[in-house]
Amino acid sequence: MTGRFVVQRHHASTLHFDVRLEIDGVLVSWAVPKGPSTDPRVRRLARRVDDHALSHLDVEGRLGSGTVIVWDTGTYTMRDADSSPAEALAAGHLVVVLDGRKLAGAYALTQTHDDYWLMVKTRDEHAGDPIADDTSTLTGRTNDDYA
Numbered sequence: 001m002t003g004r005f006v007v008q009r010h011h012a013s014t015l016h017f018d019v020r021l022e023i024d025g026v027l028v029s030w031a032v033p034k035g036p037s038t039d040p041r042v043r044r045l046a047r048r049v050d051d052h053a054l055s056h057l058d059v060e061g062r063l064g065s066g067t068v069i070v071w072d073t074g075t076y077t078m079r080d081a082d083s084s085p086a087e088a089l090a091a092g093h094l095v096v097v098l099d100g101r102k103l104a105g106a107y108a109l110t111q112t113h114d115d116y117w118l119m120v121k122t123r124d125e126h127a128g129d130p131i132a133d134d135t136s137t138l139t140g141r142t143n144d145d146y147a
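Each residue of the sequence shown is one higher than the one before, counting from 1 in full-length UniProt numbering.
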């Protein structure tokens with residue numbers, strides 16, 4: 001099964017990244033304060049937030065008191081083909097293989113307590129240097145362009 005994903009760079013009261021996976025017709029979402037890391041040694045806090053409609057896949061611009069850009073987008077598959085994304089989500093552990101414009105390879109999302117999860121890049125050929133590109137993959141714009 002292949003699903004879509006989006007990572008939005010959201011500058012509201014604080015800067016954070018919203019990681020969203022298409023699961024069962026909605027975008028299941030996590031707020032990741034420091035954004036996804038490409039270093040397998042780095043664990044990122046990921047707070048589960050409300051699901052969003054699929055229409056959020058390409059949302060950009062000024063929203064309320066903040067700005068949002070589509071920092072990355074693409075498709076994902078489950079690393080373990082025997083479980084569905086919904087089953088893995090319910091079990092509190094997903095390993096997805098991202099095929100995006102900036103992010104690639106496997107990432108693990110593991111629930112630690114209630115709405116708190118960890119997001120970790122797995123060791124694979126896509127592990128590497130941090131991504132310093134803060135532009136939208138859709139428009140080339142930055143959050144500051146929408147401020």
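Derived by calculation from the structure, the hints in this document are not laboratory data.
We put the CB at the ideal spot given by N, CA and C, even for glycine.
Worth double-checking, as some hints may not be accurate.
[Stated by the list, open to error] The following label-pair restraints were derived from C-beta to C-beta distances: (1) D144 / A81: 38 to 44 Å; (2) D145 / A86: 33 to 39 Å; (3) D129 / D99: 29 to 35 Å; (4) R62 / A86: 30 to 36 Å; (5) S83 / R48: 17 to 23 Å; (6) L118 / D82: 32 to 38 Å; (7) R62 / V95: 19 to 25 Å.
| query | What hint numbers does the structure not satisfy? | reply | 3, 6 and 7
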